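Visitor: Protein sequences appear in the order of chains A and B.
Anchor point for the first sequence: position 244 equals 244 in full-length UniProt numbering, and the numbering is continuous, going up by one each time.
Anchor point for the second sequence: position 327 equals 327 in full-length UniProt numbering, and the numbering is continuous, going up by one each time.
Since the hints were derived computationally from the structure, they do not count as laboratory data.
The model shown is predicted, which means the values in this text are computed figures rather than measured ones.
Beta carbons are placed, not taken as given, at the ideal position from N, Cα and C, and that holds for glycine.
Careful, some of the hints might be misleading.
Partner residues are not named here, just some residues of chain B that face chain A (Cβ under 8 Å, in silico) [said to hold, decoys possible]:
#1 Glu149
#2 Leu211
#3 Thr294
#4 Asp329
#5 Arg363
Spelled out from the first residue to the last, the chains are:
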Amino acid sequence: MTSYANSLGIAKRPQDTRVVVAMSGGVDSSVTAAVLREEGYDVVGITLQLYDHGIALQKPGACCAGQDIYDARQVADRIGIPHYVLDYEGKFSQDVIDDFADTYLRGETPIPCVRCNQRVKFRDLLNTARDLGADALATGHYVRRVQGAAGAELHRAIDPGRDQSYFLFATTREQLEFLRFPLGGLTKPETRALAERHGLEVAAKPDSQDICFVPNGSYADVVAKLRPGSVEPGDIVHVDGRVLGRHRGVVHYTVGQRKGLGIGGIRGEEEPLFVVRLEPGQRRVVVGPRRDLARRVVTIREVNWLGPALAPGEGLEVEVKLRSAQPPAAAVWRLGSDGTAQAELHEPQYGVAPGQACVVYQGDRVLGGGWIAGTGA
Amino acid sequence: MTRVYLDHNASAPLKPVVKAAMIQAMDLAGNPSSVHGFGRTVRRAVEEARAQVAALAGVRPAQVFFTGSGTEANNLALRGFPGRAVLTSAIEHDSVLEAVPGAARVPVDRDGVADLAALDRLLADADGPMLVSLMLANNETGVIQPLAEAARTAHARGALLHCDAVQAAGRLPLDLAALGADLLTLSAHKIGGPAGVGALILADGLEPEALIRGGGQEKRRRAGTENVVGIAGFGAAARLAREELPDSARLTALRDALEASALAAVPAARVMGAGAARVGNTSNLLLPGVAGETQVMALDLAGVAVSAGSACSSGKVKPSHVLAAMGEDAGDAACAIRISLGWDSDEAAVERFAAAYAAMAARLARAPAA
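Just chain A, same shape as in the assembly:
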């Protein structure tokens, strides 16, 4: 046995190491493929056809594939690697889009990108990569995989502005062993510079902003289309019981939301009002002043745990991130039974929304996370 390991930590020469790169057509995954190719790896590009682009844009007759698939093909051709398009429309519709609609209708706020990583990219695509004899699956995510004493660890990206670890909390240990994230140590400008050096036309392509299957940003419209008749108007109710107005359907709201309530300037209301909770059963949007948003306890379901072994009820001092754009907050983390957990926050947090992810960190390392099931004061 040789102790030599290549840049991906695999004990083979790069040319003998097959790496499947998940290519979205964007600059990050394109650079990932180009960098690995330059290092001499046996790189295979795969792009997933996730939804019918023509239907999403409501342009009948438009090609099922968007510009991104063509961009990915062009990049693969440019850097000289084989490239394939896999039809995951059925899987994506069932495992991501349906979940997106159902989560909204439960009065929660979903993160479909996590579901997509969890159920499509890191499950089905990863299996396809194994089927093709690959040694690893690489993506363009800004996150780091660090080889620790007890196996692969997930760490934040070097560039805090680009860090995508929040969206990857559901990555299992087994998946992590097979995954590689070559961009985790780079900043976005460095990635763009690499794209230019490799002559990739996508170098200046803007980052994708929205959820891919909601190109015009109207989540509620998508839910209404997927679940006809489910988006129904109801009352906007103050926590003290007063009915303040009407809303167009709970799917239009998220906990912590302040703008767009349509109840501005209510007489006698001195404080600004926020969505405190959603009651889809009664079709009610409950609003209140900011203090009613304060939460100290968060309960979590579908926990993926990558951290040290914890006895039931044993507390661990961690930081938790409850929204992708919020800084982490100090908390005590306890694992429960059946994949549940509880986070006890040292300071109350505001706008904790069921359906979002609670991701657990110690410093830069991701210890795991789960979906926010409920909250307590």
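Got chain A sorted already, so can you dock chain B onto it with the hints?
Guide: Here is chain B on its own, set in the frame of chain A:
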């Protein structure tokens, strides 16, 4: 790594003799419609090719109408008679199925052969004049359809019969009268000619409405200056297809050897349409539980080019409507690959395929389940 091409049903490599004929045609100046001598010279090349294509189909040159593709010929055949409702088989190529989206479909049996009793019932129930479209050889399985009987059935009910013979040309003897067809589609690039040229063969007296208008070319059936270089190549390829028809026995032996070694190495595999007569170059292998697109990728990475279903321009592969029509459930219908041999295929290619197929199946059997 040398690559092996076993995807002739998608497009056959250009034959060297065809290439030479096309290079010669490239030196011709002028428009075949022109009155002057240059025009006459170019027109002679087009008419020579027309005679060669006519000979391949067993018709007179005046019955041959050049188009831009087999797809266009199918569209012209099926949309050129607006007074006739169209019936197709369930296993036709998309260029037939999508040319007439509302058309009723004649089912096929487990081996992929059209059910002529069902055809007769559908024709008996039809109100007005009908046009039936039935391919001669299926592009995915190679299964040969009972054209002559279908023609008798159609004609007895006053219907016309169109035959998409794109995958049969060069693999079976063609004769419009013997087939009993009224319209016949051919394509150059499936027989070692260039892509971008096809032909519709018409029985005497049939006059489809033109799809493309704006000139008197092809007796007003298809406007646009002739693709002279492509047509010259088509002519040469048609002549070779007729002359080299005996080569199909060699290809059948190669195909049978390929299937025997694949089944010996991978007992779970099945040959689709094996119970029916098939053209000798085509094999459709179904490996339950393994997506055809995964098989195609794995074989491509091993240097062997085959296909699965039909790919759209994005490269996305659709599950096979042909295998679904043959009664495979949706899962299995997505687990087949097509291997198609042609004039440049040899034993070494078959051995490469067999080795790559066995290695792929062994790896997939070992891979952890999802």
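Visitor: Look at each hint and say if it fits the structure.
Guide: Going through the hints against the structure:
Annotation: Glu149(B) was flagged as interfacial toward chain A, and the flag is violated, the nearest CB pair being 37 Å apart, outside 8 Å. Because the smallest distance between the Cβ of Leu211(B) and any Cβ of chain A comes to about 18 Å, over 8 Å, the interface hint for this residue is violated. The interface hint given for Thr294(B) holds, since its Cβ lies 5 Å from the closest Cβ of chain A, which is under the 8 Å cut-off. For Asp329(B), the interface hint is violated, since its Cβ never comes within 8 Å of a Cβ in chain A; the closest pair sits about 14 Å apart.
Checking Arg363(B) against chain A by beta carbon gives a least distance of about 6 Å; that is within 8 Å, so the hint holds.
Violated hints, in rising order: 1, 2 and 4; the structure is consistent with all others.
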